[in-house]
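Enquirer: Given only the sequences and the hints, what does the whole structure look like? Please build it.
Residue numbers (numbering that gives the first Met the number 0), protein chains in the order written: chain A, 0 to 202; chain B, 0 to 202.
There is no bait here: all hints are sound.
Given that identical chains are not distinguished, each listed pair holds provided it fits within a single copy or across any two copies.
For lysine-lysine, the following DSS-like pairs were computed, each having C-alpha atoms within a straight-line distance of at most 30 Å:
#1 Lys142 with Lys201
#2 Lys82 with Lys16
#3 Lys60 with Lys2
#4 Lys101 with Lys201
#5 Lys200 with Lys60
#6 Lys181 with Lys142
#7 Lys60 with Lys142
#8 Lys82 with Lys201
#9 Lys60 with Lys201
#10 Lys16 with Lys2
#11 Lys142 with Lys101
#12 Lys82 with Lys101
#13 Lys16 with Lys200
#14 Lys200 with Lys142
#15 Lys101 with Lys181
#16 Lys181 with Lys60
It should be emphasised that the hints constitute simulated quantities derived from the structure, not laboratory data.
The primary structure of each chain is shown beneath.
Protein chains: 2
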Amino acid sequence: MDKPAPASHDVHPLVSKRWSPLAFDPARPVDDATMASLLEAARWAPSSYNGQPWVYIVGRKQEAASHARVLGCLVEANRRWAKDAPALMIGVARQSFAHNGKPNRHAAHDVGAASAWLTVQAESMGLRVHQMAGIDAEACREKLAIPEGYEALTGIAVGYAGTMGQLPEDLRQRERGERMRKPQSEFVYDGVFGGAAGWVKKG
Amino acid sequence: MDKPAPASHDVHPLVSKRWSPLAFDPARPVDDATMASLLEAARWAPSSYNGQPWVYIVGRKQEAASHARVLGCLVEANRRWAKDAPALMIGVARQSFAHNGKPNRHAAHDVGAASAWLTVQAESMGLRVHQMAGIDAEACREKLAIPEGYEALTGIAVGYAGTMGQLPEDLRQRERGERMRKPQSEFVYDGVFGGAAGWVKKG
Chain A
0 MDKPAPASHD
10 VHPLVSKRWS
20 PLAFDPARPV
30 DDATMASLLE
40 AARWAPSSYN
50 GQPWVYIVGR
60 KQEAASHARV
70 LGCLVEANRR
80 WAKDAPALMI
90 GVARQSFAHN
100 GKPNRHAAHD
110 VGAASAWLTV
120 QAESMGLRVH
130 QMAGIDAEAC
140 REKLAIPEGY
150 EALTGIAVGY
160 AGTMGQLPED
170 LRQRERGERM
180 RKPQSEFVYD
190 GVFGGAAGWV
200 KKG
Chain B
0 MDKPAPASHD
10 VHPLVSKRWS
20 PLAFDPARPV
30 DDATMASLLE
40 AARWAPSSYN
50 GQPWVYIVGR
60 KQEAASHARV
70 LGCLVEANRR
80 WAKDAPALMI
90 GVARQSFAHN
100 GKPNRHAAHD
110 VGAASAWLTV
120 QAESMGLRVH
130 QMAGIDAEAC
140 REKLAIPEGY
150 EALTGIAVGY
160 AGTMGQLPED
170 LRQRERGERM
180 RKPQSEFVYD
190 GVFGGAAGWV
200 KKG
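Expert: What follows is the structure in structure tokens.
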């Protein structure tokens with residue numbers, strides 16, 4: 000299933016085609032070379048002082064115990080569909096800079112960027128990515144042995160498209176739901192917070 | 000000038016070509032349609048509960064007072080080169096969800112993602128983006144009238160490539176510097192923090 004963004008302005012196909020589905024093909028694994036490419040795209044993301052504060056803890060179906068453990072770190076509502084995703088990850092932020100030990104106030108921001116670049120690569124190779132805020136922080140800390148100074152931020156499901164038929168009815172409805180965003184004029188300002196200007200788009 | 004990432008594994012050209020330069024062409028503005036496309040790519044980024052916590056305060060050279068005001072929110076070390084970038088932005092995170100007022104712990108993460116998608120679009124249109132942690136938070140708050148509940152996170156310079164000749168000598172050296180990243184094995188773990196596995200790449 001495809002669900003292109005109803006974009007108001009021209010965007011690259013990788014932008015408009017990107018979508019976070021619930022249905023992943025459980026029978027099609029993500030192979031080693033593909034994983035290497037996805038993680039390589041994350042690797043080359045820009046970051047504050049090139050601190051690269053991202054860590055990915057991965058569970059693929061090929062490594063069944065790892066997949067089960069990462070799956071167990073998601074909240075139940077996400078486990079229902081993410082169980083089928085052949086690669087699951089927890090995105091983790093290192094809270095301080097390695098070079099001087101000082102707090103990195105851009106750690107979460109830069110993990111978000113790295114995961115976005117991972118998604119760009121995935122979309123370019125025909126895979127889909129669905130990120131989740133809904134993870135169990137305590138389970139992450141314990142089951143994944145995340146040490147002090149690191150914080151689990153997101154769950155990330157990666158794989159190839161599945162079908163509607165594999166989803167329970169309530170998730171099918173969610174999968175069909177309309178894609179919505181605020182208009183640009185609600186988040187783009189000229190020169191000052193709230194600043195309006197002719198060039199800022201209403202849509 | 001191009002400076003492709005010396006990637007160890009296959010990545011999409013938008014990933015490998017992306018680079019954060021210091022030299023932007025001061026004479027080539029970013030027009031309205033291009034701005035709309037860049038911001039549209041940010042608009043369609045995924046976010047926790049679709050909260051879309053990003054705000055961009057923009058100063059283009061076409062709006063000289065706005066450009067000067069946003070430039071004045073960067074630290075001096077960044078103003079030296081960012082003055083030439085025809086579009087400057089401050090990326091701002093809304094700290095709470097609009098739908099229920101609760102704290103959004105993924106706000107910074109999701110701004111990072113939106114700015115990454117903006118960068119994808121920019122690269123696809125032949126522009127470059129250079130994000131900066133080095134902003135003056137107090138100046139942002141005052142000059143840009145950023146209200147309580149919002150936090151300025153990054154400066155973002157956008158424009159077309161400039162030339163080495165426009166940079167002072169110390170910045171030319173920086174511009175020529177080698178691009179470096181940690182190997183995947185230092186940020187990719189299998190199943191548990193620190194977990195090694197055969198599929199995780201050493202490079």
